[in-house]
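Peer 1: For the protein sequence lines, the chains are A and B, in the order given. Going by the numbering used here, the first residue of the first sequence is number 10, and it counts up by one from there. Going by the numbering used here, the first residue of the second sequence is number 70, and it counts up by one from there.
It should be emphasised that the hints constitute simulated quantities derived from the structure, not laboratory data. Any given hint could be a false lead.
[What the hints assert, rightly or not] For each label pair, taking beta carbons as the anchor points, the in silico distance ranges come out as: (1) 122/B / 205/A: 37 to 47 Å; (2) 183/A / 86/B: 51 to 61 Å; (3) 316/A / 134/B: 27 to 37 Å; (4) 171/A / 122/B: 23 to 33 Å; (5) 411/A / 121/B: 44 to 54 Å; (6) 247/A / 89/B: 20 to 30 Å.
Predicted, not measured: the structure shown is a model, and the values here were computed from it. Where is the CB? At the ideal position from N, CA and C, for every residue including glycine.
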Amino acid sequence: MSTTPQELNPQTTGRSVVVFSEDVRGDRAAVAEALRLLTGVGTVIATSDYEDGALDADAIGSADAITFDALGVAVVAREPGELTAAVASAASTSILTIEPERMMYAIAVEEEPPETSVQFADDVYYTWGLRATAVDAATATGAGIKIAVLDTGFDFGHPDFAGRTITERSFITGEESADGHGHGTHCAGTALGPALPSGRRYGVAPEAELFVGKVLSNRGGGVDAGILAGIDWALTNGCQIISMSLGADVREVSAAYETVGRRALNAGTLIVAAAGNNANRPGGDPGFVAMPANSPSIMAVAAVDSQLAIAPFSSGSNPVEGGAVDIAAPGVRVYSSWPMPQRANFISGTSQAAPHVAGIAALWSQVTGESADALWKTVVGAARGLDLPAADVGAGLVQAPGPDAGSEPEPAPEPEPGPASY
Amino acid sequence: MNVTVTVAGSHLAKIEDVAARLRSAGMQVDAVLGAVGIITGSLPEQRLSSIEALQGVAAVEKQVGFQIAPPDAEVQ
């Protein structure tokens, strides 16, 4: 086995990392002056110019030097050799070290996927989740279907939702329904994001109507009273589908949620809920479906990754009646909307799986005219079987209606009357 | 103690009457949710059994708190 040159001599970027002495650390003017004297660099940007100290990638690429004020470090667009000479001639005491900037890579375990493994990946047009669930090929849009997302609220100023009709209500005392967390904006984006967002498409039902019920606070907390009030509000507004990416790690079925789920079905509303993130599968613990997804009348959604493997956190079936996982959906590294200015984010959880199912249920409802129990049957019946235990993924991976779904089947052509052929 | 009262199916049309009985029994009623047939509110823990027996009450449960992970958590 030979050692590659790269390992002996790690790749460098041509830039230098300059470490300043404690005398000048935090003193922006002194640091900038030292850089100017030593190198004559023009554009110096400081992380403190940016909100939260997080500068953006475009700025890093174009600046001559970037100072990380809190660290007393700068990255300078000069080779170390040039700088070292300048330091020596200026007899500067404000600079401790100068090193080449090195290329860094994420530490990843590269495994050869088995030949039969199914792989999905985000591309420029769609998220991996929309590919895996065949939303990319669907023609249904969710038009005419109302979906209530009961979560941390929504970023009503998000440009991807400009012009959409959104109905909102907060059930959190003292908080407007604006999303101060991000989770609600992400979940609503997955279920109802637009057909043509600023980046790749992440939303399942772009023409469904969004109802935002804020039942979790900006800090992510909520109680039964608010969640049940949110469900009541969604029913009153005629929402055919309710998406709830929330759960409490309680094994027992709640009489309230089970009854409410049943009454919702009777009223024409399907409730979809995250199965829960309480598993630790690498540690051998499959967890259990949390409340309220453990109600027989509420659809429990597990999370799979882009290899269609069960997510390590995704809760498995709970032995209580109704505590079974009903269906699975994409829930690992899911890209969707996030409150501005960030615009979009990748997160993981059964919270991200549930709104995939909610959006796809809206597509099926639009195509078939079904709701409640009939819609439940159709969604579960259309799932793609996975080579995984039903206790983990239920019926399998949720699938959108195909491009021809719902159109009247063409009658078989009648044979032309004519002379019989011999 | 915060509680959730599930109203019996037979009393959905008379949910306000059930709420009135709960108030008389010492419960502070915060919300009467007519579409789902739920009443939420609070009462002292020792009163719990007294409201469970009321006409039109199918179940009484202590409320549960929910908490999702912070925005920067990888798994939410």
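Peer 1: Does each hint hold? Answer for all of them.
Peer 2: Structure-based check of each hint:
Here the CB-CB span from residue 122/B to residue 205/A is close to 58 Å, at odds with the stated 37 to 47 Å. Against the hinted window of 51 to 61 Å, the Cβ-Cβ separation of residue 183/A and residue 86/B comes to about 32 Å, which falls outside the hint. In this structure, residue 316/A and residue 134/B meet the distance hint of 27 to 37 Å, their C-beta atoms being roughly 35 Å apart. Against the hinted window of 23 to 33 Å, the Cβ-Cβ separation of residue 171/A and residue 122/B comes to about 54 Å, which falls outside the hint.
For residue 411/A and residue 121/B, the hinted distance range of 44 to 54 Å is satisfied, since their beta carbons lie about 50 Å from each other. Taken as a hint, the range 20 to 30 Å holds for the pair residue 247/A and residue 89/B, whose Cβ atoms sit roughly 29 Å apart.
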